[in-house]
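In order, the protein sequences belong to chains X and S.
The first sequence: position 258 = 258 (the working numbering), numbered continuously.
If you want the working numbering, it's the 1-based position in the second sequence plus 295.
Honestly, the hints are just simulated from the structure, not real lab data.
Heads up, some of the hints might be wrong.
Covered, in the sense of this in silico footprint (three residues per stretch, anywhere, with C-beta under 8 Å from a C-beta of chain X), are these stretches of chain S [stated by the list, open to error]:
hint	stretch
1	344 to 354
2	504 to 511
3	535 to 548
4	552 to 565
Here are the in silico distance ranges between beta carbons for each label pair [what the hints assert, rightly or not]:
hint	chain 1	residue 1	chain 2	residue 2	range
5	S	462	X	273	41 to 49 Å
6	X	273	S	484	23 to 31 Å
7	X	108	S	396	28 to 36 Å
8	S	517	X	274	26 to 34 Å
9	S	517	X	154	32 to 40 Å
10	X	97	S	597	22 to 30 Å
11	S	597	X	78	52 to 60 Å
12	S	597	X	57	23 to 31 Å
Quick reminder that beta carbons are idealized off the backbone N, C-alpha and C, glycines included.
If you want the building blocks of each chain, they are given just below.
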Amino acid sequence: MDALITQLPVGLAIGAVLLLAALGLNFTFGQMGVINMAHGEFIMIGAYTAYVLHAWIGVNPAYSLIVALPVAFAVTGTLGWLLELGLIRHFYGRPLDTLLLTFGIGMILQQAARDTFGAPNVDVPAPPWLTEGITLGDIRIHYARLFILTLALTAVAAIAYYLNRSRQGRQMRAVIHNRDLAAVTGINTRRVDATTFFIGSGLAGIAGVALTLTGPTGPTLGTNYIVDAFLVVVIGGLGQLRGTVIAAFALGMLNATVEAWTDASLAKLIAFTAIVALLQARPQGLFTVKTRALT
Amino acid sequence: MARTRRGALTAATTALLLLTTACGGATTDGTDGDTVTVGMLHSLSGTMAISEVTVRDSVQLAIDEINADGGVLGHQIEPVIEDGASDEATFAERAEKLLQSDDAVTVFGGWTSASRKAMLPVFERNNGLLWYPVQYEGLEASDNIVYTGATTNQQIIPALDYLREQGHTSLYLVGSDYVFPRTANQIINAYAQAHDMEITAEEYTPLGHTEYSTITNDIARTEPDAVFNTLNGDSNVSFFQQLRSAGVTPDDTPVLSVSIAEEEVEGIGADNIAGHLTAWNYYQSTQTDANTGFVEAFTDTYGADRVTSDPMQSAYNAVYLWKAAVEEADSFEVDDVRAALDGITIDAPEGTITLDGDTQHVIKTARIGQINDDGLIDEIWTSPEPITPDPYLTGYDWAADLTG
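Use the sequences and the hints to build the structure in full.
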């Protein structure tokens, strides 16, 4: 029980990182069904955006991270939008080709980052107010983790609002439920696709900025998170925001508690076993879209 | 009857092959007119590229310097550069190509133990000579490899001696889950048992792991005297960031790392790691005339923002050691060069180093460093004298039970 309590903030922290990495995929993969292997590289570009703002443009590290969030959203969002417009659009309905295409683009982006910023990791200094932590009894709370958790939950709230309340968001949901019917009612599905991709990729950028607080910033940063992010989206159920949130925190807690009893290698192994078992029982994930469309 | 005919055929083919080779112009020892071919085999792509590219750069620097100075035995060195692609099978295959198709007289290459173990049979089969530049877990000696980095008794054991001298008697072990940390921790456990030290925990995480809160919180709670860190690569960034936010300072619990050099400090962020310790045989700040020249030449060639590290320096030394051995042997043939290895001495950036012919390792000084706020490493302790390599730890009673 003690271990459970001390590991609670650790599990929430791991879950928040997973959630941030997976939120964008929830749009592009979950909603549109596009397997975007370059999503990890969008995360990487988000992280480098924070680096560029600090190291090249000279924004004060005390708030460069905050400035980097919207900038990274715009940069990776635009990149994603261009990618959809220029390439992915032509591959709809061909998931295997899309997978290979985006994998290749991921490699190109990685090499571009290596040539621009060098192969070694770069240092993105955390704002001084995020480097420490506080101890409450047995529990240690890291400010950086608290920040990531807040950021992830804020993003979830914003997305929920967008999908449920805004006109564009509702159009997006209509397209997922039944693309043809949505088109018949006058929704411009092309524009909805482009918007979805913009937001999904932009969220990757935000994740990248946040991840500079807890991990390395290098050309291969994205590969550290991409598999876990796909897992979270698949476990949660495609396109299910609620499912993604629950899956991310469940996976985080599972990792943290098992690690406290055994070690990190075994925790990873047990988590993967649990995922395999879960997908055997519920291949569609925790939640599914109820739709009458013939898919 | 059939057998003799086949035998005759084989003989004829062999003769023909020999004839074509002889007519080919190039001799089999890899020299061609006034050049000599050597191989350079590092990961230029994939996860290990981050480290191995820096080693490639320093090997290239040494070759350029030697060429500008007239080459080796009057031959200009012509490197053939291959990419190991962070993949053991590729390393073995490229090594085979360098030795057989390119007739490289020697090869400078490798970083991970996995890549070295994959190349070893290739070099033994073809009787090639590999110069391996990185500190490693010991328990190996091949006639076809020269190890210019440290073995365990030149890095890990001196580090333990240092910690013990400082009165640190309880150690927390954290490492990546693969061969080097596991072997290193076996040695550390045996050492601790023999010297009345306590190992409070031994934690392994998968390569590339980024979630260290559980471990850093545990370190903060259990307050060991010191942490012995064998994490590799990117994981160090997460570990030190999260150690700092767990409230562990180098004054309370210093972390001694064996895989973090100047190059890695940049990516971790000097703020996050300043004050912690490292164990190597060379630092950019090492005070020797040869080092002043090396650092100057390196930054002139590759840019003032580049740093030099122990593996880079060991790779750089390898080229000069090879040159000295070739000149001693007056031949590029592997067998002649090997026979000349024992006692070869050069003035390296890390100080005067000597090759030990028995183990084909280098006799070198161990150094403990402390990372400063500028991201460089200050030397704070040096072994009293250069340490003779002992890859199988035969000279240590307590190590008798270690399994290889």
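Verification of the hints:
Given a C-beta distance limit of less than 8 Å, the hint that chain X covers the stretch 344 to 354 of chain S holds, as 4 residues qualify and 3 suffice. Under a criterion of three residues with beta carbons nearer than 8 Å to beta carbons of chain X, the stated coverage of the stretch 504 to 511 of chain S is upheld, 6 such residues being counted. For the stretch 535 to 548 of chain S, the proposed coverage by chain X is satisfied: 6 residues have a C-beta within less than 8 Å of a C-beta in that chain, meeting the threshold of three. Interface restraint, the stretch 552 to 565 of chain S with chain X: holds (7 residues with C-beta to C-beta distance below 8 Å; minimum three).
Distance hint check: the CB atoms of residue 462 of chain S and residue 273 of chain X are about 44 Å apart, consistent with the given range 41 to 49 Å. Hint check: residue 273 of chain X to residue 484 of chain S, Cβ distance near 30 Å, so the stated range 23 to 31 Å holds. Between residue 108 of chain X and residue 396 of chain S the beta carbons are some 30 Å apart, a value that agrees with the proposed interval 28 to 36 Å. In this structure, residue 517 of chain S and residue 274 of chain X meet the distance hint of 26 to 34 Å, their C-beta atoms being roughly 29 Å apart.
Under the hint 32 to 40 Å, the C-beta atoms of residue 517 of chain S and residue 154 of chain X, about 35 Å apart, fit the expected range. Taking the beta carbon of each, residue 97 of chain X and residue 597 of chain S are about 41 Å apart, not inside 22 to 30 Å as hinted. Checked against the hint of 52 to 60 Å, the pair residue 597 of chain S and residue 78 of chain X fails, with Cβ atoms roughly 34 Å apart. Separation of residue 597 of chain S from residue 57 of chain X is about 25 Å and conforms to the stated range, judged on CB atoms against 23 to 31 Å.
Comparing the model with each earlier hint shows violations of hints 10, 11; every other hint is respected.
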